[in-house]
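Could you put the whole structure together from the sequences, leaning on the hints where they help?
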Amino acid sequence: MMKTLRLDNEQAENAFRAIADDYTVVAPKRCAGRGRFSDTDLTTYETVESLGEIEFSAKTYFSAKSVLLPIREVMFSFNRGEAEEVRTSMPPTIVFLRACDIHALAVLDAMFLEHGGREDCYYARRRENMICFLLECPGPFDECFCVSMGTSRTKDYAVFIRPEAEGYAAEIMDDRFERYFPFGDRAHVAPRFSEEDPIPVALPRHVEASLFADASWKEYSQRCIACGRCNTSCPTCTCFTVQDIPAADDRDSPTRQRIWSSCQVKDFSLLAGNHDFRLAHGDKMRYRVLHKITDFAKTFGLPMCVGCGRCDIVCPEYISMRKCIETINTICRRGAEVG
Amino acid sequence: MMKTLRLDNEQAENAFRAIADDYTVVAPKRCAGRGRFSDTDLTTYETVESLGEIEFSAKTYFSAKSVLLPIREVMFSFNRGEAEEVRTSMPPTIVFLRACDIHALAVLDAMFLEHGGREDCYYARRRENMICFLLECPGPFDECFCVSMGTSRTKDYAVFIRPEAEGYAAEIMDDRFERYFPFGDRAHVAPRFSEEDPIPVALPRHVEASLFADASWKEYSQRCIACGRCNTSCPTCTCFTVQDIPAADDRDSPTRQRIWSSCQVKDFSLLAGNHDFRLAHGDKMRYRVLHKITDFAKTFGLPMCVGCGRCDIVCPEYISMRKCIETINTICRRGAEVG
Amino acid sequence: MYDTKAIMRKAFRISKVRNESAIRIRVPGGHLDAAHLSVIRELAETFGNGTVHLTTRQGYEIPGVKLTDLGAISRHMAEMIADIEVACGVVLESPEDGYPAAGTRNVCACIGNRVCRFANFDTTALARKIEQAIYPNHTHLKVAITGCPNDCIKAHLHDIGIVGTVVPEYDPSRCIGCEACLDNCKKKITNALSFEDFAITRDEDYCLRCGECILKCPTGAFSRGKKLYRILLGGRTGKRNPRLAQTFVENATQDIVLGICRNLHRFIATYIDQSKAKEHMGYIIDRTGFDTFKSFVLEGLTLGPDVKVVQPTNPGYVYPRRP
Amino acid sequence: MYDTKAIMRKAFRISKVRNESAIRIRVPGGHLDAAHLSVIRELAETFGNGTVHLTTRQGYEIPGVKLTDLGAISRHMAEMIADIEVACGVVLESPEDGYPAAGTRNVCACIGNRVCRFANFDTTALARKIEQAIYPNHTHLKVAITGCPNDCIKAHLHDIGIVGTVVPEYDPSRCIGCEACLDNCKKKITNALSFEDFAITRDEDYCLRCGECILKCPTGAFSRGKKLYRILLGGRTGKRNPRLAQTFVENATQDIVLGICRNLHRFIATYIDQSKAKEHMGYIIDRTGFDTFKSFVLEGLTLGPDVKVVQPTNPGYVYPRRP
Amino acid sequence: MENIYTAAAATVLDITAHTDTERSFRLATDIQASPGQFVMVSLPHAGEAPIAISEIGATDISITVRNVGKVTSGLFRLRPGDRLFVRGPYGVGFPLDLFEGGRLLVIAGGSGLAAVKPLVEHYLQTSRLHRLKQLDVLVGFRSPKHVLFKDHLKHWARDCGVVVTVDTTEDETESWAGGIGFVVSYIKTVGNIGPGTSAVLTGPPLMMGNAVKELVRHQVQEDRIWLSFERHMKCGVGKCGHCRIRDKYVCVDGPVFSYVEARELID
Amino acid sequence: MENIYTAAAATVLDITAHTDTERSFRLATDIQASPGQFVMVSLPHAGEAPIAISEIGATDISITVRNVGKVTSGLFRLRPGDRLFVRGPYGVGFPLDLFEGGRLLVIAGGSGLAAVKPLVEHYLQTSRLHRLKQLDVLVGFRSPKHVLFKDHLKHWARDCGVVVTVDTTEDETESWAGGIGFVVSYIKTVGNIGPGTSAVLTGPPLMMGNAVKELVRHQVQEDRIWLSFERHMKCGVGKCGHCRIRDKYVCVDGPVFSYVEARELID
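Chains as they are written, first to last, in my numbering: chain F, 51 to 389; chain W, 51 to 389; chain P, 380 to 702; chain X, 380 to 702; chain L, 2 to 268; chain H, 2 to 268.
Misleading hints may appear alongside valid ones.
Said to hold, decoys possible - Computed cross-link-like contacts, BS3-like style, restricted to lysine-lysine with a CA-CA straight-line distance of at most 27 Å:
#1 P:K567 with W:K316
#2 H:K134 with H:K71
#3 X:K657 with P:K565
#4 P:K445 with P:K389
#5 H:K189 with H:K249
#6 X:K657 with P:K657
#7 P:K567 with X:K384
#8 H:K189 with W:K268
#9 X:K508 with X:K687
#10 X:K687 with P:K618
#11 L:K214 with L:K189
#12 X:K567 with F:K268
#13 X:K605 with X:K565
#14 P:K605 with P:K687
#15 P:K618 with P:K605
#16 W:K316 with H:K189
#17 W:K268 with W:K373
#18 X:K657 with X:K618
#19 X:K508 with X:K657
#20 P:K595 with X:K508
#21 H:K146 with W:K373
#22 X:K595 with P:K384
#23 L:K134 with L:K155
#24 X:K595 with P:K655
#25 X:K445 with W:K373
#26 P:K566 with W:K316
#27 H:K214 with H:K189
#28 X:K595 with X:K566
#29 X:K389 with W:K268
#30 P:K618 with P:K657
#31 P:K657 with X:K567
#32 W:K373 with X:K618
#33 P:K605 with X:K618
#34 X:K655 with W:K268
Stated by the list, open to error - Per the computed footprint, the stretches of chain F lying under chain L, defined by three or more beta-carbons under 8 Å from a beta-carbon of chain L, are:
#35 168-180
#36 310-318
Source of the hints: derived by calculation from the structure; they are not laboratory data.
Since this is a predicted model, take the numbers as computed values, not measurements.
We put the beta carbon where it would ideally sit given N, CA and C, even for glycine.
Below you can see the structure in the form of structure tokens.
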């Protein structure tokens, strides 16, 4: 049964500490000086020990997907001629997520649990141990378009905690967590979700062939620097590459690791024989954007993009996903008229 | 008999041209780009061909003394073991001078015609051929102290010409020049002389011995750069040095030349054996200033300085003759009280 | 959202602060009517964070403005930009769109002969003429102008440095032999003067034409002859290989200076490595060779007999590169 | 009439125009509250000719003021001078007398990390600290600060140049092996990075600590470690022998930077050739030898194990002197 | 939980060198593949790569590789008896059912031949010879010295049409008895091409594109043209994302696509 | 018009070398000088310089010079019979009338001796020996090898008091029989110095200054002390300005000044 309550700061911290004793808690944190530019901070997902450490009001630069899909992961080792799986186990882990990021999990699940008809065991094992706590959005951020993407609301969380002027409000959806909240007054607490996007977005209904040869991509080639930040910050990008890495202690028994890949950076589309068929930055962008807004959905029935807006925020060239979708819409509309 | 008249521009130029046919005319002229600093002009004495060339309103940087005492002058040549005087003759020359500069001629005369009891023949020959035309001052210039020095007024000129809003006014004192002015209406024309100095100056009555050791000269040593501009611009400085210079065509027959010297620049006070007893710039300054305001007068009965203010104008360090005199007065007054 | 390259081409910055920019204002030669300061203050206080930065190239940078305000800012600056640039003879099609280019950097100049006693010419006026010759243009180019060989503007670290010189004209009949010119030249410059038979001889091979002999002369025996320019080439700072500019053309007239400036962009446009966002001219010359550069930039110019063209060696040093 | 040296010591100029001066305003680091622009405009319009010059050292010069007005001008400027200098920690006994010294020139700085993405630190803040360390002082000294090794401020032509660097910290667990850092370092810097066994190795011997690997990394595998400073020594322009500054101290902390700046004047005061109006520090070091300089300016400073002190060779060139 | 990334060891039975840079490796394995499928082949240290199966045996498969990358150059260092790792088979092979009873044209360019070899050999088995009305194999190589599977081609010619062409014979010492020119230009030399024909294409994209055009001109139906795609793959099982083209993953949705599908796969 | 700058040629009659750097030249000339006066001596190319007359003959004069400048080094290249240019005599000499009948003390330092030599020789002429009550000559040199006019000094000592001292005898091989120490310190060794004494001083300014003090201490009246000045001169006739000290020109008002005048000539 759902429980709602308000807590003062001490109560909330006590509850949190008790939870943190039993779970690893990963949440947005403002890391001073960790920004790319000198004397700037980085808000990103980190393990936290207290509620006070959590940055509730800012969006994270990177998503939380590395909890489920570490940037680098040892898959197995070749031990004297046999492939031996490395069984890393993730302890039960709570991740504080916004609605869009909770929706992103469905994309990851589709890819790692369903696609090709077989589960990715590494992902699956972590996914089982992951619990979502909901972060409320302080109204839409400038770059958000979750309402357009249908990812602005969710019920798929165990606990919702909101900092208030004095203390915190909490909503416990998952009974397992009730015991951490033995105090507090019952009160109406419900997360507020974004109702409207700053700039609403409509996805194209049909992608015309004319789109692929459109001059817009050449323009984007001039702008996009193919740095891959849109991928590395995205909560739904899942591409990886695989590499054998010598063990430090035994060069005869390498480990096979997988490592995040990015369809924007070099060599992603390199064929054997060193031919890369997708070099123009605009083409790489088109490949990514169409995946996010149409291609993925054709296979899995839901759009890949959750409208979190991170790719807009992290792009050093201020290329906007929303503008790109708009451009695509325009081209397709024009194509449809002509065709 | 004195004749006064007003002329229109054409009449004046015609008269002037007729004079210039018979005389060399030297007058203040603004020479574009000839200033020491880039894109600055130099107002100085030059031979002029028309009245329009004359700069009536600005003070010249250099005085007109080089008409009588060229910067360099060949005195004689050694021709196969005999000294042969070089007889350069100056044509009859009119020089436009302000009252102070006309008074300066008395100083030059005292030195070159009287001192030591013998005439300097080179000077004397030129002096005979020189005629003064008076320039009126447009009120005192900032640096002038001719009234204090008693040099603001003069009657010692042949002709006075003043440019007016329309045409010129002229006063012919010397009958020889009446014939050049056969036209024009008789009118009252008289030069206006400065009546008051911007900063009046009083010369010290007695120079105390304490003056020579006073710390002020050390201060001046820090300021004065001993460049000699105060000498080279002064209408009454007359020091020269003498040098033998090989004739270009015959190195065995050098000419002996005299060349302006300056008590401020190096080697002026160098004794045989390379001992220079007056090195400190402040001491050089004191040597010069006392000459101008007291030492010369002791010998000749008139102060050497005519208060034209050029030494103030040309000093790159903005050292002021007037201030220096004031300083001397203060020291002497103090010395007199103590003594 | 924003086209950073288009923003930068309009002389705005991409700041480290997300969604922020900085306004940059060109001040050719660093000289400005004081009335513009009010506009600059207003920009800083209306759109920025209330501070201004005087840039390394004598322009202004107004930090803390919003990228969303750039259009409004351009309109706000239009009159000032037009005042400054059109006065240089630059043709601006629509000042209300802001600057049309940022590649050729602000032309720097020391204060020159409007104030400085050492300066051999009006650096501000030349800066404005060069601004007209090279702006607007998207290719990267840094030009500096210095009034005398003291090089207060650091022309030695510019692609092109213009050094003002003057031919000292000597009238021995005015010389009193005080040797002030000689002593100064010996102590501070190249000892180009000698004193024989009571007259100064100036050794053209050593004289830098700095004009200090003219400044030192108490009688005007030395006076100002032709204004000539030494054109330095190939200086740069940078991470890898800072190096000094060195004489490229000696005794150039102002026509030659301007002619070369006009030719520079054509050279750069012809030979630049298009794969690079900006390639500094020095690197392009390193690649094309000096002779190619020379023939390009001197094209159409008539050099008088006194004009000397030399190949700079550009001494500098290299931060070693891992092999 | 006027004591030119006293006037210049108060940072006013002696103009080529008789009886005129120019006001000079120090702007440490070139950064200024926009409100001061009104004072500067007022000065230019009340006392000057209505124009201002942005100097080669990021200050202001207001030309065309009368020497007779200098006292009034000083009083007029007092509040602004106090605002600017006292904010740096400079002790001014009587701002209404104008600047107390002009020997140590305005401390220059690029715009630094308040705006620029390449800058490794807050150059403006350091400029203000250095202003406090070296001003007021009559000995001639030029210091410049640049946020990164690109050296936009041209620290390479200063007596002392401070170059901001950063130690890149590498977390291989965040590296996706895109090699963006490596490609950039290879193309633009010193190729200090290599990629083996799917991880980056940074060669300390070649790394310039410019921090561009941090900027390029899309995952934050490279992040910002300690801020360290490269201190360049001995650059200068000038007529005779322009030469480049070169590394004197590598990996200095800000304490070391400030300590050295504080020690500079004592060195200069001890060894300067008193007979000269101003002797540039580079020439003094040429005379005293590097070791003397080093022991003077490092006195009282504790250098950590990473700090390297090297003797610069200062490449440059000499305009030949007539023998 | 099943680990879809680990592979089983397999012993190299024998190695055939076709050219300087192309070799076939026969591996002992119980992998049961159908024509058109591929396997993921690993060598510790070198890594893993998708490789087409060029021959299907009962207890073995062959793979044919060009020495162009890290994994393949590792393979080239192997000797018979050495072990490597292999997993698979992966992908959807050729639609054998569809071809049954019809006329099949196999067009391959260069090393693309390896991918269609099992298909040809499937039908050339004596027991299956009757299942097709007509089988023609058109193979193009760069030059005579680049010709692969020479003996096989000679052997096939006894039971089906075989045209081997080379782009050029220049710089070749060997005499050349086959065709000269692009393989596409030989399509018209093969008779009976029309609406009922099925065609299988493999090779460089440009070649495949031109071949499709030529076939369509001969009125071959678009849904009867089949193309085998080559793509970068890191997993082979639809997870790594590298082989995706629009909504299709070459590893699980291909590598064989009908032209009707393939023409949508613009990249 | 008379030209006061041109000079007449004069032949060098003979040359006496005193030391390495000091020589006397006897010149044939009709210049009639009195003790203390000087002449302007010219050498074409080298220029002109004021030189004290060190000996006055009926048809000749001698000049004694140290080789320290352009003109003097030119003189040193002359041989007897060569010609130079000379004009003069210039300046006001010693007030012989004033000394008559009194006691005269001549104090000279170094080459200053040349300037007073005609004065001493004036009174040592047999016909004039009676004109002074007492004559003493005190001469100081730097060291024995710097001593000038050795023979003359020896000769003079027969008719007047002569003290020759040297500052030091160090680095001298010659033995030295005279005094050692500054010449001023020998003033007290000469008797009869008092209010009636006239003194003539020539030599370095410091020496003259000290000598004046010593003489005043011996109650010599200030208006009876005479100093001979050395100055840079370019004309010798009161025009060039170089020798001016305050209102006096050494060339025309001196070179001999009474101490009463001289003490005002602060420079």
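Now for the hints, and whether the structure bears them out:
no.: 1; hint: P:K567 with W:K316; verdict: 18 Å, holds
no.: 2; hint: H:K134 with H:K71; verdict: 43 Å, violated
no.: 3; hint: X:K657 with P:K565; verdict: 17 Å, holds
no.: 4; hint: P:K445 with P:K389; verdict: 15 Å, holds
no.: 5; hint: H:K189 with H:K249; verdict: 32 Å, violated
no.: 6; hint: X:K657 with P:K657; verdict: 40 Å, violated
no.: 7; hint: P:K567 with X:K384; verdict: 20 Å, holds
no.: 8; hint: H:K189 with W:K268; verdict: 38 Å, violated
no.: 9; hint: X:K508 with X:K687; verdict: 23 Å, holds
no.: 10; hint: X:K687 with P:K618; verdict: 19 Å, holds
no.: 11; hint: L:K214 with L:K189; verdict: 12 Å, holds
no.: 12; hint: X:K567 with F:K268; verdict: 26 Å, holds
no.: 13; hint: X:K605 with X:K565; verdict: 23 Å, holds
no.: 14; hint: P:K605 with P:K687; verdict: 16 Å, holds
no.: 15; hint: P:K618 with P:K605; verdict: 39 Å, violated
no.: 16; hint: W:K316 with H:K189; verdict: 41 Å, violated
no.: 17; hint: W:K268 with W:K373; verdict: 15 Å, holds
no.: 18; hint: X:K657 with X:K618; verdict: 15 Å, holds
no.: 19; hint: X:K508 with X:K657; verdict: 25 Å, holds
no.: 20; hint: P:K595 with X:K508; verdict: 40 Å, violated
no.: 21; hint: H:K146 with W:K373; verdict: 53 Å, violated
no.: 22; hint: X:K595 with P:K384; verdict: 18 Å, holds
no.: 23; hint: L:K134 with L:K155; verdict: 21 Å, holds
no.: 24; hint: X:K595 with P:K655; verdict: 16 Å, holds
no.: 25; hint: X:K445 with W:K373; verdict: 19 Å, holds
no.: 26; hint: P:K566 with W:K316; verdict: 15 Å, holds
no.: 27; hint: H:K214 with H:K189; verdict: 12 Å, holds
no.: 28; hint: X:K595 with X:K566; verdict: 13 Å, holds
no.: 29; hint: X:K389 with W:K268; verdict: 21 Å, holds
no.: 30; hint: P:K618 with P:K657; verdict: 15 Å, holds
no.: 31; hint: P:K657 with X:K567; verdict: 12 Å, holds
no.: 32; hint: W:K373 with X:K618; verdict: 37 Å, violated
no.: 33; hint: P:K605 with X:K618; verdict: 20 Å, holds
no.: 34; hint: X:K655 with W:K268; verdict: 17 Å, holds
no.: 35; hint: 168-180; verdict: holds (count 6)
no.: 36; hint: 310-318; verdict: holds (count 3)
Consistency note: the structure conflicts with the earlier hints numbered 2, 5, 6, 8, 15, 16, 20, 21, 32.
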